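K.L.:
Chain by chain, the residues:
Protein chains: 2
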Amino acid sequence: MKEYPIPMRTYLDCIPCFFKQALEAARLAGADPRTQRQVLDDVARALPKFSLEATPPEMGRTIHQLVKKNTGLSDPYLAIKEKSNQLALSVYPKLIPKLNQSDNRLLTAVELAITGNIIDYGVKNSMNVDTELEKILSNEKKIIKNEDHRFFQFTRFKEALAHAKTVLYLADNAGETVFDRILIEEMKRMNPAQEIIYVVKEKPIINDALIKDAVDSGIDETARIFSSGSDAPGTILSLCSDAFLKIYYQADLVISKGQGNFEGLSGTNRSVFFLFLAKCPVIANDAGCQVGDVILLAHPENNGEK
Amino acid sequence: MKEYPIPMRTYLDCIPCFFKQALEAARLAGADPRTQRQVLDDVARALPKFSLEATPPEMGRTIHQLVKKNTGLSDPYLAIKEKSNQLALSVYPKLIPKLNQSDNRLLTAVELAITGNIIDYGVKNSMNVDTELEKILSNEKKIIKNEDHRFFQFTRFKEALAHAKTVLYLADNAGETVFDRILIEEMKRMNPAQEIIYVVKEKPIINDALIKDAVDSGIDETARIFSSGSDAPGTILSLCSDAFLKIYYQADLVISKGQGNFEGLSGTNRSVFFLFLAKCPVIANDAGCQVGDVILLAHPENNGEK
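If you read the protein sequences in the order shown, they are chains A and B.
Residue numbering for the first sequence follows the numbering used here, starting at 675 and increasing by one per position.
Residue numbering for the second sequence follows the numbering used here, starting at 675 and increasing by one per position.
Think of the hints as simulated: they come from the structure by calculation, not from any bench.
All values derive from a computational prediction rather than experimental measurement.
Check before you lean on any hint, since a few could be wrong.
FRET-style restraints, in silico, Cβ to Cβ [as the list claims (entries may be wrong)]:
hint : chain 1 : residue 1 : chain 2 : residue 2 : range
1    : A       : T805      : B       : G966      : 57 to 63 Å
2    : A       : D706      : B       : P974      : 28 to 34 Å
3    : A       : K877      : B       : S764      : 58 to 64 Å
No more than 25 Å apart at the CA atoms, straight line, and that leaves these computed lysine to any residue pairs for SDA-like [unchecked claim]:
hint : chain 1 : residue 1 : chain 2 : residue 2
4    : B       : K694      : A       : S725
5    : B       : K694      : A       : R711
6    : A       : K742      : B       : K743
7    : B       : K723      : A       : P707
8    : A       : K723      : B       : V889
9    : A       : K723      : B       : K757
10   : B       : K723      : A       : Q712
11   : A       : K742      : B       : T736
12   : B       : K757      : B       : L911
13   : A       : K742      : A       : R779
14   : A       : K723      : B       : D716
15   : A       : K694      : B       : K694
16   : B       : K742      : A       : K742
17   : B       : K723      : A       : D687
18   : B       : K953      : B       : K920
19   : B       : K953      : A       : K723
20   : B       : K953      : A       : D687
21   : B       : K953      : A       : L686
22   : A       : K723      : B       : K723
23   : B       : K743      : B       : K772
24   : A       : K694      : B       : V889
25   : A       : K694      : B       : D716
26   : A       : K694      : B       : Q712
27   : A       : K723      : B       : R683
28   : A       : K694      : B       : R683
29   : A       : K694      : B       : L726
For glycine and all other residues, C-beta sits at the position ideal for the given N, C-alpha and C.
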């Protein structure tokens, strides 16, 4: 594993994937084949100007701007997001008993929050989310036995959480928001005085959660919903609003969900707990873990607290 | 399955893969990361000018020309090809008993020739070729029971072969050539008077077989080795020499090995037997089969003979 803080830059292996994502996005936006081709050509024209020192969400932002430009749709993933929220809300009642039966509620809530990241796959690939969730959560025991595993630093997280008066929680995708709600509700149950700020994107970008998704997921009942001020599919501090940055640096604890936020913040100079499902081989390789791993990473490596 | 003859054009899904192939080729050529990036940028610049009405091997040719231009290497896959030949030659003695024990020698020879297509994977991914071959060939019985399966039209092939005085055999990759040798030797054993012309590429392109590979594989003892006159990674008739075209149209039977030749010739106006392992989802979808299938396709669909 590399030394932190080094931001995750774009790898050459990300480039074929940019085209794959662009094609997928154009199709999801209902573009005809001619428009799909136009999107790919535009990405090709943008590529030589793109610095690999930038992080993948920056190129992701460019790609999805090109999709929007060519399709004329401001929010191509709107239907996907709504479907994700509905799907996750339909799963929610089944998750609560799981939490209530757990002898380590916080751990279960953390795992559920991380695994909620598969919702977007489910919606796109008509996957059976129940089955997939069950499959991932069946590894639970392995994780419990390794609460201080290098890639699942739960004890540090638990301690940091116990001392935090303010928690900044960076959301990832719509739908996953419902799973975040479970963790947030558990945090609030443990410490009713804790202030939790739930951060969503300012404008539509891929299937990232917006204010509406957070509200639809019921998060507004427990946390304050806030915008990052940015439309990058990951937290790129230079693109965030001053208001966000102020809270980001002042919060006692930052929980960062998903790969995009990890990519954007892996080089940040403050402590962050990264919670994500390692879905991409390049990210897994960068973090030093395996694809499919349920990750809880204390950053910087030698000090999980601020 | 679509109506033939319609050439397999380039699908939008091929585009991300072009970048993947370019990166892989640049790395195999030993390019440093800066040069790898330069190759990808050059492919990006070439993309908007590329017609999707062209077949994938045409873009493949462009990509590998860009790799050669940027790396200064005329044959980046030379080591891979030599390793493939050696690997296949080391497997060859184990394949002969398989043939001798078979109660349908021609069928076994055909299957071996097709499955030899995995050699390039083996070399690239340090795969155990013995094990992989065994895995594929263990499906043998299934194939034998379906000799007239839509995607394995063995009976038509056998009949066409029995009447053919001249056979044009279009090679695919180095290493695979050794597996072709098994089929060619079996054809010659069945009909010593049959003239077999084994066609390789004119100049280095990816790991496609050249004259040297055919000779190193021992094919010159049984067949006449001939060049297509082209350096596309698949038979694109418009790029082939007149000498090749004359033989191509006059031969009683054409055996076309591999995906690249299928992509180039799927719209041809003469009869061809396509033998390939379906390795790519786009090609599998185009042909109407599944990834991993061992394919023997009589073209045109309604008439496997000339």
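K.L.:
Each hint should be assessed against the structure and marked as holding or not.
P.N.:
These are the hints, each one checked on the structure:
| no. | hint | result |
| --- | --- | --- |
| 1 | T805/A <-> G966/B: 57 to 63 Å | violated (24 Å) |
| 2 | D706/A <-> P974/B: 28 to 34 Å | holds (30 Å) |
| 3 | K877/A <-> S764/B: 58 to 64 Å | holds (59 Å) |
| 4 | K694/B <-> S725/A | holds (19 Å) |
| 5 | K694/B <-> R711/A | holds (18 Å) |
| 6 | K742/A <-> K743/B | violated (35 Å) |
| 7 | K723/B <-> P707/A | holds (16 Å) |
| 8 | K723/A <-> V889/B | violated (46 Å) |
| 9 | K723/A <-> K757/B | violated (38 Å) |
| 10 | K723/B <-> Q712/A | holds (11 Å) |
| 11 | K742/A <-> T736/B | violated (30 Å) |
| 12 | K757/B <-> L911/B | violated (30 Å) |
| 13 | K742/A <-> R779/A | violated (42 Å) |
| 14 | K723/A <-> D716/B | holds (12 Å) |
| 15 | K694/A <-> K694/B | holds (11 Å) |
| 16 | K742/B <-> K742/A | violated (36 Å) |
| 17 | K723/B <-> D687/A | holds (23 Å) |
| 18 | K953/B <-> K920/B | violated (31 Å) |
| 19 | K953/B <-> K723/A | violated (34 Å) |
| 20 | K953/B <-> D687/A | holds (21 Å) |
| 21 | K953/B <-> L686/A | holds (24 Å) |
| 22 | K723/A <-> K723/B | holds (18 Å) |
| 23 | K743/B <-> K772/B | violated (44 Å) |
| 24 | K694/A <-> V889/B | violated (40 Å) |
| 25 | K694/A <-> D716/B | holds (18 Å) |
| 26 | K694/A <-> Q712/B | holds (20 Å) |
| 27 | K723/A <-> R683/B | violated (30 Å) |
| 28 | K694/A <-> R683/B | holds (19 Å) |
| 29 | K694/A <-> L726/B | holds (17 Å) |
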